[in-house]
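Protein sequence lines, in the order shown, are assigned to chains A and B.
Reading the first sequence from the start, the letters are residues 1 to 572 in the working numbering.
Reading the second sequence from the start, the letters are residues 1 to 404 in the working numbering.
Just so you know, the hints here were simulated from the structure itself, not pulled from any lab data.
Treat the hints with care, as some may be off.
Below, simulated DSS-like cross-link-like pairs (lysine-lysine); rule was C-alpha separation at most 25 angstroms, straight line [stated by the list, open to error]:
(1) A/Lys-278 with A/Lys-92
(2) B/Lys-294 with B/Lys-223
(3) A/Lys-476 with B/Lys-393
(4) A/Lys-17 with B/Lys-228
(5) B/Lys-223 with A/Lys-469
(6) A/Lys-209 with A/Lys-566
(7) A/Lys-315 with A/Lys-385
(8) A/Lys-209 with A/Lys-240
(9) A/Lys-17 with B/Lys-294
(10) B/Lys-99 with A/Lys-469
(11) A/Lys-17 with B/Lys-397
Here are a few chain B residues that face chain A, going by a calculated C-beta distance under 10 angstroms [as the list claims (entries may be wrong)]:
(12) Ala-16
(13) Trp-18
(14) Leu-34
(15) Leu-37
(16) Leu-77
(17) Met-81
(18) Gly-240
(19) Glu-264
(20) Arg-371
(21) Met-377
(22) Cys-385
C-beta atoms are modelled at their ideal positions from N, C-alpha and C, and glycine is treated no differently.
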Amino acid sequence: MAVKPSQELVPWYRNVKTIAIVAQLVFVALIILLVTILVLNVMKGVKTLGVNTGFGFLNNRAGFPISESVIPYSEDNTYVRALIVGILNTLKVALLGIVLATLLGISVALMRLSNNWVLRQISTIYIETVRNIPLVVQIFFFATVLFIPNLPSGVAALRLGNLYLNNSSGLITPWPYFSNNFWLWLPWLAIALALAIAAHIFRNRHLKKIERPGNPLWLSLPVFLLVAVIGYLIALAGSKYPEHLTVSADVDRGRVFSFIDENANGVFDQNAEKIAAKVPVLLEFDELTLEVNPQRRTEQKANIRSAFAFPRLKKNEYGEVEHQFVNADKTSDLRLHFFEFPSYGVVYKDQNGNGRFDAGENVPEGEDGYEGKDYSLQMIVKGFKRRVVTDNYGETRSLSVETATEPKLTLLGASPMVMSYPYFPTERTQIAGGTIFTIPYLALLFALTFYTASFIAEIVRGAILSVAKGQTEAAKALGLSSGQTFNLVVFPQALRIITPPLISQYLNLTKNSSLGIFAAYQEFYAVSSIVNNQSGAAMPVFVILIGGYMVISLTFSFALNWYNAKNQLVER
Amino acid sequence: MLQPALPPPIRETGFAFWLKRNLFSNWWNSLISLASLVIIVYTLISLLRWMVFEAHWEIVWQNLRLFATYRYPTELLWRPMSCVALILFLFGLSAGVGKGGIGQIVFKAFYWLMGFCLAITLISLFLFPSVRWLWLIAIIAGFAGYSLAKFWPNVAMYLSILWGLSWFVCLFLMLGFSGESGPMQYVSPGMWGGIQLTFFLSVTGIALAFPLGIALALGRQSKLPAIKYFCITYIEIIRGAPLITWLFTASLLLPLFLGGIRPEALIRAQVAIILFAAAYMAENVRGGLQAIPKGQREAAHALGLTPWDSMRLIVLPQALRAVIPAIVGLFIGLFKDTSLVTIVGLHDLFAVVLGVANQPEAKQIPGGIVRELFIVMSLFYWFFCYRMSVASKQLEKELGLGTR
Numbered sequence: 001m002a003v004k005p006s007q008e009l010v011p012w013y014r015n016v017k018t019i020a021i022v023a024q025l026v027f028v029a030l031i032i033l034l035v036t037i038l039v040l041n042v043m044k045g046v047k048t049l050g051v052n053t054g055f056g057f058l059n060n061r062a063g064f065p066i067s068e069s070v071i072p073y074s075e076d077n078t079y080v081r082a083l084i085v086g087i088l089n090t091l092k093v094a095l096l097g098i099v100l101a102t103l104l105g106i107s108v109a110l111m112r113l114s115n116n117w118v119l120r121q122i123s124t125i126y127i128e129t130v131r132n133i134p135l136v137v138q139i140f141f142f143a144t145v146l147f148i149p150n151l152p153s154g155v156a157a158l159r160l161g162n163l164y165l166n167n168s169s170g171l172i173t174p175w176p177y178f179s180n181n182f183w184l185w186l187p188w189l190a191i192a193l194a195l196a197i198a199a200h201i202f203r204n205r206h207l208k209k210i211e212r213p214g215n216p217l218w219l220s221l222p223v224f225l226l227v228a229v230i231g232y233l234i235a236l237a238g239s240k241y242p243e244h245l246t247v248s249a250d251v252d253r254g255r256v257f258s259f260i261d262e263n264a265n266g267v268f269d270q271n272a273e274k275i276a277a278k279v280p281v282l283l284e285f286d287e288l289t290l291e292v293n294p295q296r297r298t299e300q301k302a303n304i305r306s307a308f309a310f311p312r313l314k315k316n317e318y319g320e321v322e323h324q325f326v327n328a329d330k331t332s333d334l335r336l337h338f339f340e341f342p343s344y345g346v347v348y349k350d351q352n353g354n355g356r357f358d359a360g361e362n363v364p365e366g367e368d369g370y371e372g373k374d375y376s377l378q379m380i381v382k383g384f385k386r387r388v389v390t391d392n393y394g395e396t397r398s399l400s401v402e403t404a405t406e407p408k409l410t411l412l413g414a415s416p417m418v419m420s421y422p423y424f425p426t427e428r429t430q431i432a433g434g435t436i437f438t439i440p441y442l443a444l445l446f447a448l449t450f451y452t453a454s455f456i457a458e459i460v461r462g463a464i465l466s467v468a469k470g471q472t473e474a475a476k477a478l479g480l481s482s483g484q485t486f487n488l489v490v491f492p493q494a495l496r497i498i499t500p501p502l503i504s505q506y507l508n509l510t511k512n513s514s515l516g517i518f519a520a521y522q523e524f525y526a527v528s529s530i531v532n533n534q535s536g537a538a539m540p541v542f543v544i545l546i547g548g549y550m551v552i553s554l555t556f557s558f559a560l561n562w563y564n565a566k567n568q569l570v571e572r
Numbered sequence: 001m002l003q004p005a006l007p008p009p010i011r012e013t014g015f016a017f018w019l020k021r022n023l024f025s026n027w028w029n030s031l032i033s034l035a036s037l038v039i040i041v042y043t044l045i046s047l048l049r050w051m052v053f054e055a056h057w058e059i060v061w062q063n064l065r066l067f068a069t070y071r072y073p074t075e076l077l078w079r080p081m082s083c084v085a086l087i088l089f090l091f092g093l094s095a096g097v098g099k100g101g102i103g104q105i106v107f108k109a110f111y112w113l114m115g116f117c118l119a120i121t122l123i124s125l126f127l128f129p130s131v132r133w134l135w136l137i138a139i140i141a142g143f144a145g146y147s148l149a150k151f152w153p154n155v156a157m158y159l160s161i162l163w164g165l166s167w168f169v170c171l172f173l174m175l176g177f178s179g180e181s182g183p184m185q186y187v188s189p190g191m192w193g194g195i196q197l198t199f200f201l202s203v204t205g206i207a208l209a210f211p212l213g214i215a216l217a218l219g220r221q222s223k224l225p226a227i228k229y230f231c232i233t234y235i236e237i238i239r240g241a242p243l244i245t246w247l248f249t250a251s252l253l254l255p256l257f258l259g260g261i262r263p264e265a266l267i268r269a270q271v272a273i274i275l276f277a278a279a280y281m282a283e284n285v286r287g288g289l290q291a292i293p294k295g296q297r298e299a300a301h302a303l304g305l306t307p308w309d310s311m312r313l314i315v316l317p318q319a320l321r322a323v324i325p326a327i328v329g330l331f332i333g334l335f336k337d338t339s340l341v342t343i344v345g346l347h348d349l350f351a352v353v354l355g356v357a358n359q360p361e362a363k364q365i366p367g368g369i370v371r372e373l374f375i376v377m378s379l380f381y382w383f384f385c386y387r388m389s390v391a392s393k394q395l396e397k398e399l400g401l402g403t404r
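Could you build the full structure based on these sequences and the hints that come with them?
Below you can see the structure in the form of structure tokens.
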């Protein structure tokens, strides 16, 4: 017979359930008390410190520039848009950083496991050095120690084909932009994606059925590319410019401007008409004159002074080029030497009379120009043709020139995407066209990549080492080559161990991008702090800042954990 | 029937074989080895040439005091130096009483720290007369602590109390008390900086985050939903945003939460660092708690221990022991991250270096002195972080983690 437990045995103050409830009530009461005190303090503080607490300020004019932006932004936009630009800049550096850090990390891990002693030592030294130095110091290294003092400035940019690298702009590359005809191609892209996914799934199932190793990407990727290319060609055939598209050249201001001229008066009417962005135009001059004053420049390597730089011209851009000094009678003993014809060179005095520029044959500097003489250098270019693409504001600053004849403008054929190539307008430190990866962006990207890769390398190495040796031996016994052993046996097993810590490294990288402020890269944190300084709205900015980072972190975390859950072993 | 004699085995030892196996095992390995060796030798030679002939180390030497203590009054330098002496003394004691594997690790840490201090002492003996005796005394204090522990091993019992007390003593020594002049005059935290501040922020941060982190970890494991979800929310929000945003928040909102009182920048940054580190500490401790088998707690229950006692006497000691390497890792992270406090106007080592790089004297040198400063600063951070990470790896081995 079971004994009925007495209800009265435990007094209420010793009942675990009661204690739990009371403890929680006390805890909640304490929290409420704390929050109340804080809120009261904040209300008092708002009065004494004069802080803004509402979110209304967000629609005010931002009034500060942001040096780089993925979407069009100007000082006249609102604070909201400025903050969005900040978030996009954070994502821009974080996403590319994640890809590069993963690639570098895996390579370094493989180097550390290789049987080459030198590679092993290099990767070990790399890992042990980079992960033990603060990220801020590394950002400082890339921006201040490596890039800015060591890269050439302005038009003297390092150049590889259409890529330019200098310390005032950064890395300038050709870049494809969407044009007004992009929507013609969009359905084809969607179809290509759908077909590729279908092919991927089909191939995956097929491979599983026939029990063969293989990567379904080898089917889905070609399918995607094929459909996309065919679609592009069809869209290209159907592309056309909007009606009334007009392109005008404003030679004095050196700009080409494109807009939709609805009232057909040939002039842009600000209230009624729209600008047209991303229009490729061919600009042709019969003859034009460019003029520069040789600058007082000191370059460390060759100690060059009085170097000159015209807008950089490409070989296919000119027919004939002539150079001359203005005020030639006073400066007849000056000569030219080209480092790069016809754009970049040095003005020198042939002191030893060998007809060549030698180091040290600089033009002595005087009070007013060189040797007290004021002169300039002129370049006359005949048969000039340049392809330019107008930017988001419908204009391009292409050349500011002196010319007797108006330029001839030809609209290049309409297409879904427009390729924009970099070129030099007359202002010698700026490059137009293409897209720019600025020095702050590159410095932050490099630092994030190298720093995070050192952690990823250790994760990958540990995971590869943790795969039981018997697995490798078994694979060898089955006759697999060492490449196959790694790709089919070791790496897939290591990947399961790698994924969770890798996710946390990706999140770290994203959060660490907030240090961009030390390289003057304006990402989310930097923009928020400017918004706070300008508006004085500390509370709302705090909520937006923390909330923004939470959203980014949680989104990354959910996406990556979903991937992880999908690829983990199903344990029984 | 006699078998023909086998050929002698291929030599598998010796330098030539090592070279063949590690550098020249096949043609592309040889190519990689030679190419990287050429690049390394070239880089090292140009670096050495630059360091010996071109670098402007004199500006770095002139500013060493700024790097160490920033604007701390020169005539009061004996106060932070006594802190150094005290810490070396306690470290000596700890190294002296240490036994077994962990004792070895503490001894090695002490050994390297003394090496570092000895190097600085040698430098100051020749270059910095104002602190040369102070450094000598600090070194002697370190040796004294070590010897004392050898004569009086019982000191081990008091070590944790001594370490705890030393924090207050150091704080008192560095702050001083009221007064405009005199040997114990008040030095506001605004005057602290450099390496002194870097160490203070990170050590205080980890020390105070430790109890808070344990509380949060236990709260997260709690069965009481109110406490559990509060802890989860706190931990996830803090970990969701980078440290720099919390420093920013503390510097802007702490005055607001305190009703308009503006604490010193140092206190605001320190609060942010502690609250930030506590969330990460909580996650580390939670890892340790989860690693303790349930049987331990059940056994304690069977012995009649209350939940509180079983946590205090059985679970926590094991869990904390298991997470020591993770805590060292957290400390390394915090040590590196203190370089962010420049954002709230504090002058830790990184901020001082930026300041020195922008001095007019430094700007006059062509190319500036950023490279020299970068090398010195990186070496400092690298030395401490690397030694700590080595210690952390040894601890991991010693505690038998990672070998299972």
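>> Going through the numbered hints above, which ones does this structure break? Give me the numbers in ascending order.
In response: Hints 3, 5, 8, 10, 11, 12, 16, 17 and 19 contradicted; others consistent.
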